[in-house]
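Undergrad: Line by line, the protein sequences give chains V and B. So in this note's numbering, the last spot in the first sequence is 410, and the numbers never skip. So in this note's numbering, the last spot in the second sequence is 606, and the numbers never skip.
Please note that the accuracy of each hint is not assured.
[Unchecked claim] Taking CB as the label site, the calculated pair distances span:
| hint | chain 1 | residue 1 | chain 2 | residue 2 | range |
| --- | --- | --- | --- | --- | --- |
| 1 | V | Ser-39 | B | Ile-507 | 23 to 31 Å |
| 2 | V | Val-314 | B | Thr-478 | 48 to 56 Å |
| 3 | V | Leu-100 | B | Thr-488 | 36 to 44 Å |
| 4 | B | Gly-496 | V | Val-146 | 27 to 35 Å |
| 5 | B | Pro-502 | V | Ser-204 | 28 to 36 Å |
| 6 | B | Glu-424 | V | Leu-75 | 51 to 59 Å |
| 7 | V | Asp-171 | B | Glu-424 | 37 to 45 Å |
| 8 | V | Leu-75 | B | Val-450 | 41 to 49 Å |
| 9 | V | Lys-391 | B | Gly-484 | 56 to 64 Å |
Simulated from the structure, these hints should not be mistaken for laboratory data. Owing to the predicted nature of the structure, the values given are computational and were not obtained by experimental measurement. For each residue, glycine too, the CB sits at the ideal point set by N, CA and C.
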Amino acid sequence: MSSIREQFEVTGKMRTWSMGLIAIGILAFIIGLITKGFSSDPHQQAIFWGTVMYNSIFFLLVCNASMFFICVTTLAKGGWQTVFRRVPEAISAVVPIFGLIAAFVLLFVVFGLGHGDHHPIYHWVTPGKDEILLKKSGFLNPTFFVIWTVLSIVLWSWLGMKMRQLSRQADNGDMSFEEGNNWFHRNLIYGSMFTVWFGLTVGSVTPWVWIMSIDAHWYSTMFSWYTFASSFVSGISLIVLWVIFLKNRGQLQFTTEEHLHDLGKFMFAFSVFWTYLWFSQYMLIWYSNIPEETIYFKHRVQGAWHGIFILNLVINFVCPLLILMKRSSKRNYTLLTFMAVLIIFGHWIDFFQMIMGSISKDHVTLGWLDFGMLALYAGMIILFVGRELTKAPLVASANPFLKESIIHHT
Amino acid sequence: MALKRFVVGCFEDEEVLFPAVKKVRTAGYKIQDVYTPYAVHGLDKALGMRDTSLHTAGFIYGITGTATALSCMGWIFTKDWPLNIGGKPNFPLPAFIPITFELTVLFAAVGMVLTFCYLCQLAPFVRHHHFHPRATDDLFVMAVECTPKTNVEDLKGFLQSAGAIEVNYQVAETGWWFGRYDKEQKLYADEHPVIA
Numbered sequence: 001m002s003s004i005r006e007q008f009e010v011t012g013k014m015r016t017w018s019m020g021l022i023a024i025g026i027l028a029f030i031i032g033l034i035t036k037g038f039s040s041d042p043h044q045q046a047i048f049w050g051t052v053m054y055n056s057i058f059f060l061l062v063c064n065a066s067m068f069f070i071c072v073t074t075l076a077k078g079g080w081q082t083v084f085r086r087v088p089e090a091i092s093a094v095v096p097i098f099g100l101i102a103a104f105v106l107l108f109v110v111f112g113l114g115h116g117d118h119h120p121i122y123h124w125v126t127p128g129k130d131e132i133l134l135k136k137s138g139f140l141n142p143t144f145f146v147i148w149t150v151l152s153i154v155l156w157s158w159l160g161m162k163m164r165q166l167s168r169q170a171d172n173g174d175m176s177f178e179e180g181n182n183w184f185h186r187n188l189i190y191g192s193m194f195t196v197w198f199g200l201t202v203g204s205v206t207p208w209v210w211i212m213s214i215d216a217h218w219y220s221t222m223f224s225w226y227t228f229a230s231s232f233v234s235g236i237s238l239i240v241l242w243v244i245f246l247k248n249r250g251q252l253q254f255t256t257e258e259h260l261h262d263l264g265k266f267m268f269a270f271s272v273f274w275t276y277l278w279f280s281q282y283m284l285i286w287y288s289n290i291p292e293e294t295i296y297f298k299h300r301v302q303g304a305w306h307g308i309f310i311l312n313l314v315i316n317f318v319c320p321l322l323i324l325m326k327r328s329s330k331r332n333y334t335l336l337t338f339m340a341v342l343i344i345f346g347h348w349i350d351f352f353q354m355i356m357g358s359i360s361k362d363h364v365t366l367g368w369l370d371f372g373m374l375a376l377y378a379g380m381i382i383l384f385v386g387r388e389l390t391k392a393p394l395v396a397s398a399n400p401f402l403k404e405s406i407i408h409h410t
Numbered sequence: 411m412a413l414k415r416f417v418v419g420c421f422e423d424e425e426v427l428f429p430a431v432k433k434v435r436t437a438g439y440k441i442q443d444v445y446t447p448y449a450v451h452g453l454d455k456a457l458g459m460r461d462t463s464l465h466t467a468g469f470i471y472g473i474t475g476t477a478t479a480l481s482c483m484g485w486i487f488t489k490d491w492p493l494n495i496g497g498k499p500n501f502p503l504p505a506f507i508p509i510t511f512e513l514t515v516l517f518a519a520v521g522m523v524l525t526f527c528y529l530c531q532l533a534p535f536v537r538h539h540h541f542h543p544r545a546t547d548d549l550f551v552m553a554v555e556c557t558p559k560t561n562v563e564d565l566k567g568f569l570q571s572a573g574a575i576e577v578n579y580q581v582a583e584t585g586w587w588f589g590r591y592d593k594e595q596k597l598y599a600d601e602h603p604v605i606a
């Protein structure tokens, strides 16, 4: 009985859904490529590749956030996440795949889209005689971009793979005290390496080169943290969705509403944290009112993007604040599922306005291509995470923290 | 404020305490409270206590703070004494947010602390009866209230059979009174009190 429940199996329904979504996504990609990607208008090309780019970056960062969650809870010597730890592990296993796609898209955007002396997305690729861009060229140049992109993705994948391998060692029989100590020590080493590298990439340089450099003249010191908060809260929401999905199938029998309550707290807390960073960035720029800084918000607050700007705040701040504040709502499966979907959608909109708001300043480009790419990534997450979950038991029976996690009480 | 009669059972272990609480409650006795040296998870549920409303009070204090901050600053800067600060509008919402946030937190925090003290009847010089001094150290102390029909000896035996290492009978004031802890040291009432 228990052995059946501990092993995940991909059902036909899941396979149909994922294949259907992927098919819709690929269809949207191909139609977009023909109508916009091969268009002679550089602006249409920029919209197409920008849309593909923000989806690849967003879902890569969201899935990578679950490995960050594992490493941080490990470093904090936390035990409560042990009963569902295989879920974030499985989500993080798609990082190499999504990383490869994102790297391909980003490198194509840098090298394939230039038109002589003008680049439609990254203006710093062709600085010309622009003095600001020439001053920044030590950092904003294609060589650095390539090295940093490849290094980011390779190290995330490699260190994440090491953490997952260590976790698999907790499947074969009980550990003695010595073995358990050694095992945990190795977890600490790889976990801290990942956390440091995560801080240097998602916490600082990677969002600068991938996203902020689209507005090549503009900069904000809050930007990376703001991006990180966005991706982390969506990552937690994705973990919640998978945990609830597995609970509804009668699996993960040790995971109770106590664990869900703590995940709900993470969703609530990091929604507020996101707002804090968003507001810190916005208020300083609004208050000092310097033209080269306010240019980022001009068309977002007063122009065509005003609706998206308000929607972003309502979905990502007001809704989680008011709905997730109550204790009973963090313990309610239906409400938590709804909020997780809403938060992921909200931060997808946030990434959309971060990137497309800079590429297409005069009109909002949200349309079938965006939702097609969303479907593509949703399908891929269902397919790859589901396949990864089948590879190991859902609970690592020899993990020294297992008992602490089972009796966890919020 | 009334004198009541209690049979007090002292337990040394959480593992014994939980089944004992269940037994005493199913036997129909009324547990006044269980005094523990530290917060015991799940004991409130075992005792059948309802969830606290402290967080609802906190939310109300919080929005009171928000409303106070916004209306106060709004009235001052639009009606009472409008100033032109750097060409900003007279009601610059982003500039007001930090102060609104601070006042929300202040109202919620102070209000909740005061409410908590009120609910627990905690204040300087306010005294309560202590059933056992070791409840603050290493003993779980269960106070069972006696009705006129309760057979005290039966109840004592019942608590002992449930695992209590020490059982005694006390008559105690259930409310609070003013006093000083260093003055009154008499913790046990005599065995044969007169209750009206």
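Undergrad: Taking the hints in turn, state whether each one holds.
TA: Outcome of the hint check:
{"no.": "1", "hint": "V:Ser-39 with B:Ile-507: 23 to 31 Å", "result": "violated, 43 Å"}
{"no.": "2", "hint": "V:Val-314 with B:Thr-478: 48 to 56 Å", "result": "violated, 24 Å"}
{"no.": "3", "hint": "V:Leu-100 with B:Thr-488: 36 to 44 Å", "result": "violated, 56 Å"}
{"no.": "4", "hint": "B:Gly-496 with V:Val-146: 27 to 35 Å", "result": "violated, 44 Å"}
{"no.": "5", "hint": "B:Pro-502 with V:Ser-204: 28 to 36 Å", "result": "holds, 31 Å"}
{"no.": "6", "hint": "B:Glu-424 with V:Leu-75: 51 to 59 Å", "result": "violated, 30 Å"}
{"no.": "7", "hint": "V:Asp-171 with B:Glu-424: 37 to 45 Å", "result": "violated, 32 Å"}
{"no.": "8", "hint": "V:Leu-75 with B:Val-450: 41 to 49 Å", "result": "violated, 29 Å"}
{"no.": "9", "hint": "V:Lys-391 with B:Gly-484: 56 to 64 Å", "result": "holds, 59 Å"}
In the structure shown, a violation is registered for the earlier hints numbered 1, 2, 3, 4, 6, 7, 8, in ascending order.
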